[in-house]
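Asks: Listed below are the residues making up each chain.
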Amino acid sequence: MIRFEDVSKTYKGDVTALKDLSLEILKGEFVFLVGPSGSGKSTFLKLLLRDEVATQGRVLVAGRDIGRLGGWKVPQLRRNIGCVFQDFKLLTNKTVYENVAFALEVIGRPKHIVRTQVPQILDLVGLTKKADNFPTELSGGEQQRVSIARAFVNRPLILLADEPTGNLDPATTVGIMRLLDRINRTGTTVVMATHDQRIVDAMRRRVIELDRGALMRDQVRGVYGVGS
Amino acid sequence: MSRLAYFVRETLISLRRNLLMTIAGIITVAISLFLFGGILLVSATVDHGTQQWKHGIELEIFMKTDATPKAVADIEAELKADTQVKSYTHLTKADAYAIFKKDFKDQPALVESTKPSDLPESFRVAPLKAELTAPLALKYKGQLNVDTVITAAQQIKRLLTATRWIRLAFISMASVLLASSLFLIVNTIRLATFARRREIEVMKLVGASNWFVRVPFMAEGLVQGAIGAGFAFGLVWTLKIIIANLLSNQHTLLSTFRVTSADAFGIGILVLIIGAAIGVIGSIVGLRRFLEA
Chain A
1 MIRFEDVSKT YKGDVTALKD LSLEILKGEF VFLVGPSGSG KSTFLKLLLR DEVATQGRVL
61 VAGRDIGRLG GWKVPQLRRN IGCVFQDFKL LTNKTVYENV AFALEVIGRP KHIVRTQVPQ
121 ILDLVGLTKK ADNFPTELSG GEQQRVSIAR AFVNRPLILL ADEPTGNLDP ATTVGIMRLL
181 DRINRTGTTV VMATHDQRIV DAMRRRVIEL DRGALMRDQV RGVYGVGS
Chain B
229 MSRLAYFVRE TLISLRRNLL MTIAGIITVA ISLFLFGGIL LVSATVDHGT QQWKHGIELE
289 IFMKTDATPK AVADIEAELK ADTQVKSYTH LTKADAYAIF KKDFKDQPAL VESTKPSDLP
349 ESFRVAPLKA ELTAPLALKY KGQLNVDTVI TAAQQIKRLL TATRWIRLAF ISMASVLLAS
409 SLFLIVNTIR LATFARRREI EVMKLVGASN WFVRVPFMAE GLVQGAIGAG FAFGLVWTLK
469 IIIANLLSNQ HTLLSTFRVT SADAFGIGIL VLIIGAAIGV IGSIVGLRRF LEA
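Quick note, the sequences are listed as chains A and B, same order.
Just so we're aligned, residue 1 is where the first sequence starts under the numbering used here, counting upward by one.
Just so we're aligned, residue 229 is where the second sequence starts under the numbering used here, counting upward by one.
Think of the hints as simulated: they come from the structure by calculation, not from any bench.
A virtual CB, placed ideally from N, CA and C, is assigned to each residue, including glycine.
One should not assume that every hint holds.
[Unchecked claim] Chain B is faced by these chain A residues, among others (derived, beta-carbon under 8 Å):
1. Leu69
2. Gly70
3. Trp72
4. Arg78
5. Arg79
6. Cys83
7. Phe88
8. Lys89
9. Leu91
10. Thr95
11. Glu98
12. Ala103
13. Ile107
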């Protein structure tokens, strides 16, 4: 599903974010991406979204070299990749329902699809009762559920999560992780960048550790840090 | 269909959010296009007039005011015998006074103090061929008792020079204003994209096509340009009516000048197209920064 082939990324001013990274993530996997700040996690996710293009090497998603994708095809790629962030990125002037529906409307999905898909996904994340609330009226955990609903409503092949629990307390975090696990069980590949040692240790999923842009460790049922 | 509804809704929301900038953009588009359309309309009017002159070029021979009837009759006889003259009309002192009264009707004191006898008699002459105007003028200018000869060409040339300069001045002014209206629209669109940067971020994230993101902003620019141009259209039409009224009261040299609805309509359409183009170009420039990102 995702393949990095000798990928290097250098930003302006000779800042090396990734160095000769090669790895493969299969369809349906759940992968934790760990490492200290500046280790290249964000660049890894940006390359997948084609926010950035690799300086060297190839990044393949579903068999296609996305570095060679024409600019006008990028939206098509992003429709297949859902994305969740630490700061949720919800639109405060829209209700929960409208935030989720927005993701379908702007890619031109017809009304009847929106009307059936949005309630379904809100049910999945457990927010049916809050459909008409505004994001500011929700707790952090609920807001992150809305953001997950929005990322998943189009049934993408891949779900990327960048520190999705970074702003949440431990109890709420558990709920979010359960939700991501459920989404993973539907066959969606999930890649989650995180600093949260406890969840990585508790979930026992594949762990990819980056350090200064290089692959430090790729462990099938890993924990956060070696020796922890 | 739902997509169209989406575009309409988003465009209206954005126009309302930036109401002041929107109005500023509309006004400058309207003023600049009115200047542009107005001068085109005046030019068209003058063109009609000069076209008339090409067919029946006239020159006017003014006698000295103290010329005796005998002297006037001599000139008339000479004109009648002249093979180069196709036709002529004799304007008596009374005719001259009638024209004078009309030309200076807003200065009654002047009209009051002027008697018909103060004015010269004259002959309006149509030569056989246009090329004969100059030699004819020369010939009669030298005659005893002839004060001066005015050829249509002289007057028209002066008018044409004047309109050429006026046209140049107006078109430069209109260009400057058009540039500033473009700038205002670019700015409005930038503000609009800034106000909606979070929405745009989410749209790009979930894979909305670039056109989908762009269309509401382009529609916003288009609406501004088109509304401004609509006002300009109305003003050009008003100008046409004013010119038509002015001309209908004239029986002098300007009597050959005409303004037609077809002129005004054609110019109006041109103004609308330019307005719409400015709106769209403005939004494309305004969106450029966003497109690069």
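Asks: So, for every hint listed, does it hold in this structure?
Replies: Checked hints:
Because the smallest distance between the Cβ of leucine 69 of chain A and any Cβ of chain B comes to about 12 Å, over 8 Å, the interface hint for this residue is violated. For the restraint placing glycine 70 of chain A at the interface with chain B, the shortest Cβ-Cβ distance is roughly 11 Å, beyond the 8 Å limit, so the hint is violated. For tryptophan 72 of chain A, the shortest C-beta to C-beta distance to chain B is roughly 7 Å, which falls under 8 Å, so the interface hint holds. With a cut of 8 Å, the hint placing arginine 78 of chain A at the interface with chain B holds, because the nearest CB-to-CB distance is about 4 Å.
Below 8 Å, beta-carbon pairs count as interface contacts, and arginine 79 of chain A has one with chain B at about 4 Å; its hint therefore holds. Given hint, cysteine 83 of chain A at the interface with chain B, holds; its Cβ is 6 Å from that chain's nearest Cβ, closer than 8 Å. For phenylalanine 88 of chain A, the interface hint is violated, the least distance from its beta-carbon to any beta-carbon of chain B being 10 Å, above 8 Å. Against a cut-off of 8 Å between C-beta atoms, the interface hint on lysine 89 of chain A holds, since the closest Cβ of chain B lies about 6 Å away.
This hint holds: leucine 91 of chain A has a C-beta 6 Å from the nearest C-beta of chain B, less than the 8 Å allowed. Evaluation of the threonine 95 of chain A hint against chain B yields a violated restraint, the C-beta minimum of about 14 Å exceeding 8 Å. This hint is violated: glutamate 98 of chain A has a C-beta 11 Å from the nearest C-beta of chain B, more than the 8 Å allowed. Of the supplied interface hints, the one on alanine 103 of chain A holds, with its beta-carbon coming within about 4 Å of a beta-carbon of chain B, less than 8 Å.
Taken as an interface hint, isoleucine 107 of chain A checks out: its beta carbon lies about 6 Å from the nearest beta carbon of chain B, inside 8 Å.
Figure legend: structure checked against the earlier numbered hints; hints not met, in rising order: 1, 2, 7, 10 and 11.
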